[in-house]
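Chains as they are written, first to last, in our numbering: chain A, 14 to 380; chain B, 14 to 380.
Please note that a few of the clues may not be correct.
Repeated chains share a single entry, so a pair holds when one copy, or any two copies, can fit it.
Below, computed lysine-lysine pairings styled on DSBU-like, alpha-carbon distance capped at 35 Å [claimed, not checked]:
{"no.": "1", "residue 1": "LYS308", "residue 2": "LYS82"}
{"no.": "2", "residue 1": "LYS308", "residue 2": "LYS51"}
{"no.": "3", "residue 1": "LYS123", "residue 2": "LYS197"}
{"no.": "4", "residue 1": "LYS126", "residue 2": "LYS113"}
{"no.": "5", "residue 1": "LYS308", "residue 2": "LYS44"}
{"no.": "6", "residue 1": "LYS126", "residue 2": "LYS82"}
{"no.": "7", "residue 1": "LYS226", "residue 2": "LYS346"}
{"no.": "8", "residue 1": "LYS29", "residue 2": "LYS226"}
By construction, these hints were calculated from the structure, which means they are not laboratory data. All values reported here derive from a predicted model rather than from experimental measurement.
Number of protein chains: 2
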Amino acid sequence: MSRVGIVDQSTSKFTKDTLLSVEELACEPCKEILERHKNTDLKIDSVFLSTTADVQYGSTIVSEYLGLKPRISQRLDNLCNSGSNAIVSAYSMIKSGLCKNALVVGADIKQTKGSQLVWDISRGSFTLPVYWAALFAKVHMRRYGTTEEQMASVTVKNRKNAYLNRNALFRKKISVKDVMDSKKLVEPLKLLDCSYVCNGASAILLSNEADSKMYTDFPVWIEGIGSSVEAASFSNVSSDLSSIHSTKSASDMAYSMTNITPKQIDVAELHDAFTIMEIMAYEDLGFCKKGDGGKFVSQNDISINPRGGLLGTGHPLGATGVAQAVEISEQLKGLAGNRQIKDCKMGLVHNMSAAGSSSLVLIISKD
Amino acid sequence: MSRVGIVDQSTSKFTKDTLLSVEELACEPCKEILERHKNTDLKIDSVFLSTTADVQYGSTIVSEYLGLKPRISQRLDNLCNSGSNAIVSAYSMIKSGLCKNALVVGADIKQTKGSQLVWDISRGSFTLPVYWAALFAKVHMRRYGTTEEQMASVTVKNRKNAYLNRNALFRKKISVKDVMDSKKLVEPLKLLDCSYVCNGASAILLSNEADSKMYTDFPVWIEGIGSSVEAASFSNVSSDLSSIHSTKSASDMAYSMTNITPKQIDVAELHDAFTIMEIMAYEDLGFCKKGDGGKFVSQNDISINPRGGLLGTGHPLGATGVAQAVEISEQLKGLAGNRQIKDCKMGLVHNMSAAGSSSLVLIISKD
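Assemble the whole structure, with the sequences as input and the hints as a guide.
The following block contains the structure:
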C-alpha cells in the first residue's frame, strides 16, 4: 500500500487569553497551510477537528470558515489524546483510498471541560489531574529513588527549549531552584511540575504518497502507529503506578510495525503533562531501563521535546497531539529554524490521556 | 484489498424518556452483540462512539463499561450525520490494516444540544430544523406540484412500517387525514411531517473479510461509500432549495465506487427527518426523476424505510446513521423477522445533517 506523508504543518501561538472561539482558533494554522498551496490544484478531501471543547459540528464550521467543501468532515475527541487520534483517522482514511488527503486540526480553549475528569466518581473530589500525577510521582520516587530535583530538571530543560520557540507560552528560562520554590500543589508536585491548560491550535496536511511528493519537496512519512486504551477511570487504569501501561503497549505496537528500535529515534515529542510523566515515558518508550528515567533527563542522545513540550509550550488539550506532530515534521524537514536539530531522520510522537488511560505513539521518518 | 463486512448488529428500543446517560444507553446494543460472541475468541480492536451529546471521552467510558480494552477508541460527531461518519471511520481503520474489527455505536439523548443550530446566526431565531424543512417543502410544491397529501403519505407509510418494529417509538398506524389534521407548525409542515428527537442507541460490529466469515455465517459487505460536505450555515448550503446537493454528490460517489445503479437497490434507509426530505432523497439518490418524488411515495419496487424511518422509529441524532445500517444489515441477512423483505440483496443507507449541509451514502451488499 502507498505511504501516507505529512505535506505541510503549522501551529498558532499558544496563549493564556483569547477572544476567539474554538473554530476560529482552529482556522489560524489551517489558513497558513492553505495559503502556501493556493497556487496549486490542491483540493482538500477531508477535514478532521480534534477538540475537547463543547462544540457542535465543529469540523464543518471550520471547513466553511476556510472555504472548503471536503468529502468528509468529522470532529473527534478522546481527551488529551484527541490530536493523535485525529491523525490516525486521517491516516486510515487516506490509506484505505477513500480520500487523497486530509487536513487535521487540533484546537482547544483554556476553559474546556476536558481539563477536569468529572465522570470518574472513583476520584472523589480529586478531579484535577495533578492528584493522579502526584501518586505516580510518589511511587516512582519510592521504588526507584527518583528525586524532586530530577523532576524539576524536566521543566528546566523544556523551558530552555521553549525559549527558542516563538509560539510557546512560557519563554523564560528557569532553574531547578525556581521549580523547587514554586507553589506546592500536591506533595511532591509543585506548580512548575505541571503543564498549563491554554488556548492554541495546530494543523497538519496529510496526503497519499504520490500527492505528498507533488505538493512538497520535503515529505515525511507516518511509518508506525501504536495505540492502546486501558480504561476511563483511574482506579481501572493500572494496579502498578510505576509505569504507563498504555504507553508501553502502544510503543511496542509502533516499533513492531516499523521494525525500528528506540535507539534509532533522533527526536521525540513526549507527553510531559507533568514532569513525572516525561520521566516515565522515557522508560515505557524504551529509551532507558525501567527506573532509570530520573537520571535520563540529562542525556543528549535523543532530542526530547525540542519545541518545549507541554511544560514549556502550554497544553491546549485537543491540539497537543497535532502540535507534537507539527514539531516532529518541522524537525525532520529541517524547517525548525533556531531550534533545528542536526541530522535527524527518525521522529516519535507520544500522546496520552489522563493517567495513561490511553496512549498513542507515531513514528515518523524522513525517508 | 480485503472487504469490510458487517458481522453483527443490534439496536435498543427508542424512547421518549430515559434515566440512562448517553454512555449507558450506548452499552445496550453493544452488550447484545458481545453476548452473542462470548464463546468465541473475538477481541474488539476499536470502539467508535457517535453522539451529539455533550460528553467527554465517551468512547473510552463505553469501552470500560463493556469490559473492553481496545487499541483505539474515539468519539466523533458531525450532527445528524454522525452515525454513518463513525461507520466510515471504522471501515477505513479496518481497510488500512490498523484494526481487524470495530464496534461502532451511536447513542443520543432527547436533550442533546445537537437539535438546535445555534452557531448559525444567519438563521436568526429560526434555529429549529423545521424552519429550513418548510422552505424546502414550499419550493418543491411550487416547482413540481408536490402536495401536502403526498408528504403526509410518507409518514403514513413509515408509521405502517414502524408498526412492525418492536424498537420503534411510534407504533400506531395513522392516516393521511391524521397527518393533515395534526398541529400546524410552519406552513406547510404539520407536527406529523416531522421526526421526533428521542433517546436511543444502535451498534454494529465491522470486521475484515477473513474475520467476518469466521464470526458470522451471514456477513454483508460495505461496498460503496459516498460523502459530501456542503457548508455549516443554511445560507451557504445551496441557492437551489429543490434538491439536496450533498446527497446527489454522495450518491454519485457511492454508485461509481460499486458500479451499481439505483435500479439495483432492493432496500433503502433514507433520512426522513421531515417528509419532504424523503421525497427529495428519492430524486437525489436517482430512484426517480427530479420532480417525481411526490408520486414516488406510493411505489413498491424498492422497500424504503422498512424499520419505520426517522418518522416512525424516532431520531436519536447520533444513533440514526448506525440504526439505519443495522436495519439494512438485518434485512440483507434475513434477520428482520416480521418486517423481512423477500429476496433483498443490495441495500442503501442515506444519512444527512441539517438542511443537507452534509450527506453520506453507504451501499451494502449481500454477496
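A quick look at each hint next to the structure:
With identical chains, the CA atoms of LYS308 and LYS82 are at most 35 Å apart between copies only, with a shortest distance of 32 Å across copies and 51 Å within one. For the identical chains of this complex, LYS308 and LYS51 are neighbours neither inside a copy (48 Å) nor across copies (46 Å), given an alpha-carbon limit of 35 Å. Only within a single protomer do LYS123 and LYS197 lie at most 35 Å apart by alpha-carbon distance; the minimum there is 22 Å, versus 44 Å between protomers. Proximity of LYS126 to LYS113 under the C-alpha cut-off of 35 Å is found in both arrangements, the shortest distances being 34 Å within a copy and 33 Å between copies.
Taking identical chains as interchangeable, the C-alpha atoms of LYS308 and LYS44 are never at most 35 Å apart, the minima being 42 Å within one chain and 47 Å between chains. In this assembly of identical chains, the alpha carbons of LYS126 and LYS82 lie at most 35 Å apart whether taken from the same copy (30 Å) or from different copies (24 Å). Within a single copy, LYS226 and LYS346 get their C-alpha atoms as close as 13 Å, which meets the 35 Å cut-off; across copies the closest is 44 Å, which misses it. Taking CA atoms no more than 35 Å apart as the test, LYS29 paired with LYS226 passes in neither setting, with 38 Å inside one copy and 53 Å between copies.
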